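> Sequence:
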Amino acid sequence: MSGGFYNRRPDAMKHELDKRYDPKSFEQRLYEKWEKEGYFTPEADRKRPKFSLVIPPPNVTGRLHIGHALVNTLQDIVVRWKRMSGFNTLWVPGTDHAGIATQMIVERHLLKQGISRFDLGREKFVEKIWEWKEQHRTEIKDQLTRLGCSADWTRERFTLDEGLSRAVRYVFVKLHEDGLIYRDLAMVNWCPHCRTAISDIEVEFRERDSKLYHIDYPVEGSERRLTVATTRPETMLGDTAVAVHPEDGRHRDLIGQFVILPIAGRRIPIIADPILVDPEFGTGVVKVTPAHDRNDYEAGLRNELPQMQVIGEDGRMTAAAGAEFAGRDRFEARELVLARLEESGALGETKPYSHSVGVHGKCDTDIEPMVSRQWFVRIEPLARPAIEAVRNGSIQITPQSWEATYYNWMENIHDWTISRQLWWGHRIPAFYCPDGHITVSMDDPARCPECGAEPMRQETDVLDTWFSSALWPFSTMGWPEETPDYRTFYPTDTLITGFDILFFWVARMIMMGLRFTGKAPFSQVFLNGLVRDEQGQKMSKTKGNVIDPLDVVEEVGADALRFTLAINASGRDIPLGRSRIQGYSAFVNKIWNAARFAMMHIDVELKDAGPIHRDELRTVERWILSRLNDTTRNVNRSLSNHRFDEAAGTLYHFFWHEFCDWYIEMVKPVLLGRHGAEAEQRKARRVLLEVLDRSLRLLHPFMPFVTEEIWLRLEGLEPSIMISPYPIAEDVLEDPDAERMMSAMKAIITAVRNVRAERGLTPKDRFRLHVRGADPRELNFFSAYSYLLIELARLTEVVVGGQAPAGSHHDVVEGFHIAVEFPEKVVTPEQLERVRRDIDKTVAELDSVTARLANEQFVSNAPPAVVQGAQARRAELEARLEKLRQNQ
RNA sequence: GCGGGGUUAGCUCAGCGGUAGAGCAUCUCGUUUACACCGAGGGGGUCGGGGGUUCGAAUCCCUCACCCCGCACCA
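Each number in the numbering used here comes from the position in the first sequence (counting from 1) with 272 added on.
Treat the hints as calculated values from the structure; they're not laboratory data. Being a predicted model, the structure only gives us computed values, none of them experimental. Every residue, glycine too, gets a C-beta built ideally from N, C-alpha and C. Each hint should be verified, as a subset may be incorrect.
Unchecked claim - Only pairs whose alpha carbons sit at most 35 Å apart, straight line, appear in this in silico DSBU-like list of lysine-lysine: (1) LYS305 / LYS319; (2) LYS1018 / LYS813; (3) LYS623 / LYS634; (4) LYS384 / LYS305; (5) LYS384 / LYS1018.
As the list claims (entries may be wrong) - Just the calculated beta-carbon pair ranges, DEER-fashion: (6) VAL1139 / GLY849: 43 to 51 Å; (7) GLY849 / GLN1075: 50 to 58 Å; (8) ILE387 / ARG566: 20 to 28 Å.
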């Protein structure tokens, strides 16, 4: 058996643990040691099997929240598991410059000091942001450190680093050369607050109660009027037509005629457009504002209508809106338009209307659809292979249900608006010459390559933040250079992130990775859910239900937080609250105390005792090793499947309810010298150490700190648990025979405890137990281990075989007849009631099994194993019922 | 409107074709020298409603209801 026996430290530490588990006393010290020893930093060694992943770079805007704690904990679990499993493991950390978000925050920050970014100018302002970034980067690193994240800080990256910026420029130039990046005048989502264009997926829709206004447009040279409906009356100032459906009899005769636009007094045509107008909806007449509505824009192009921009980039009305409105905010203008319409009698019915409004998620400002010249990525040619990569399994998404969402989005994807009118970000490498020629190149051109004119002026727009994030898995490895890191660690293996950035980030990394490296940037994607509060509510500052991960670490230590997150991480949303975390901090405490107990009984010479030979072990030891082995197998399997909840749950159950509750209790008589010879005691201690050592290693990825602290003191093991081998299941440790006997033993002990409670006996009442069974070999087991039954079931004596005296309490447990001899005690009606209920339950189940076996269809159709199982169950129930009836 | 997910013990969830599970909470008993952040035991569910397939359904199919989350639309 391979064990965890390593060199003894020369300066062997105190061989015991403090009485109290105090994470503050060691967490930071251990992390510093790990980092100093270089355990997080792998060599670019291609001979060893590697495992790599990249952090979803947090924004440099501020502190990490509980969602980050979740993602990074899960990543660290995988990373530590793989590292211990022998892989050359790299976890690349870093941060994202987060264009709009960061610019906004710094801007707000400066405004508090009365400084606007325009006062500073672009260059100075960007300098300020760099200062900000440096400060927050440190804070983020510090937080990840406190969580125990074993990321390689020597390879930390930032999306605006020189190397990454080069990758960004390379990709832009290449895509432009390939015709996949273009500049065009188009309708985009404009944020009047941030004064920049944003992409479609940055627009969030909010359901809002508003009003639908009906406005009458008089038909020129007629008494007739056309009534249009709108939620945005201010846009009427920019109407350049009114549309009806060509088949609609109500208005067909008016097509080609004109209406007079109220207030403005302009004459605009009545056109027919079957796409824009649904004759069934409303009045069947639609006002057309090509400059401020997506559908109207399309209709305008189809019908060659002029675009009249009445709202400017700042959200204020333009001169074209008319002197009275120019310069007013669009919402203020709305009220004024309504007032003017009212006065002129053109305002018809107004009714409450609920609809969704597009807002910019970052600042909550209503999006203004606006025609503007921007840079775009032609996305379809990139999306196609990205769809294929998931479809053919080169990339697997967990939970798998997300694949449908992925396809749905990728198959209906629109071109990506990548230019932003910001100052913070990667400046687009496009250069304009005085004659209007555009040059896109890796190096800044001195003069126009087409006409030789100068000076060349660089595009002032920057790129969408997600453009650089899309390159993260390979740009962080030094690409486009073929660096040793790139060759060794790319593609990465697993991506762990929140589902909310599936489209923003994951999909785009897949597209860019395939396009530029020819490989999927990762083969596995694990999308975790949202961390919610205990009631399942989203956490938000306004609700005041936010949990700050660092507060939790401060209170209960990083291990308890990590374990709580892991055991709840199945891929769905995670309900998290203080009490829940408290619950798992009890588990950490349990580990501490179990180790403390073990250390009282483990001697230094033990680890030199050599390997354990299974044949020399007693059933109890073979049993716990078999259970541990099963646990080991399940934990490894669950981790492979990203079932963090299962893995953590398996460990929780094994350590607490098998190792602590049963095994430790069972070896106490031997360890404390109440039973057995010295040789036996030595073996028991040897196994105790083995089980503890392996358990700690299994737990280490989940609880790095406490496991290391204990492990280092355990027999002076060194140098660190985090680079010791992760246990793997070994068939030789499997022991069905020991498992069966111990299972029976546990069941008998439980049954006796049950009888005790049932009969109202206290632990001080001791009595004699009789055990009978068919197999003499098995009965021998109970003779040999009668001291265990006596200890744990608090008996005076165990009689194997033989007849129990009349009046004993009988039961059948896992095939063994047991009988408890009572002291004389008064039996209360409540106790008798419980005896009766026990019988009733048994009768009910026996009836149901008997009925099933009487069904010929069941006997002939069900698998033989199931039928045999039912037969065995019936026999057991019959036997048990007979015995239970004797108890009445 | 399209797509996805959910509805199982008081709470949070796992199970997803063969006797209803876990953690927490609750109740009873217990100061057994690792741990009261503990130990032992108990109670508690017609697995959202209805229909179907099957020898057998929490588990598969259909349907209805309600709740979440995407996407699209919204004059």
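> Each hint should be assessed against the structure and marked as holding or not.
Structure-based check of each hint:
Between the alpha carbons of LYS305 and LYS319 the distance comes to roughly 27 Å, so the proposed pair stays at or under 35 Å and holds. For the given pair, LYS1018 sits about 50 Å from LYS813 by alpha-carbon distance, which is inconsistent with the 35 Å threshold. Of the supplied pair hints, the one linking LYS623 and LYS634 holds, its CA atoms being roughly 31 Å apart against a limit of 35 Å. Among the hinted pairs, LYS384 with LYS305 is inconsistent with the structure: their alpha-carbon atoms are about 42 Å apart, more than 35 Å.
For a cut-off of 35 Å, the pair hint linking LYS384 to LYS1018 is broken: about 69 Å separates their Cα positions. Between VAL1139 and GLY849 the Cβ separation comes to about 47 Å, which falls inside the hinted range of 43 to 51 Å. For the pair GLY849 and GLN1075, the supplied restraint of 50 to 58 Å holds, since their beta-carbon distance comes to about 56 Å. In this structure, ILE387 and ARG566 break the distance hint of 20 to 28 Å, their C-beta atoms being roughly 37 Å apart.
Violated hints, listed in ascending order, are 2, 4, 5, 8; each of the other numbered hints is respected by the structure.
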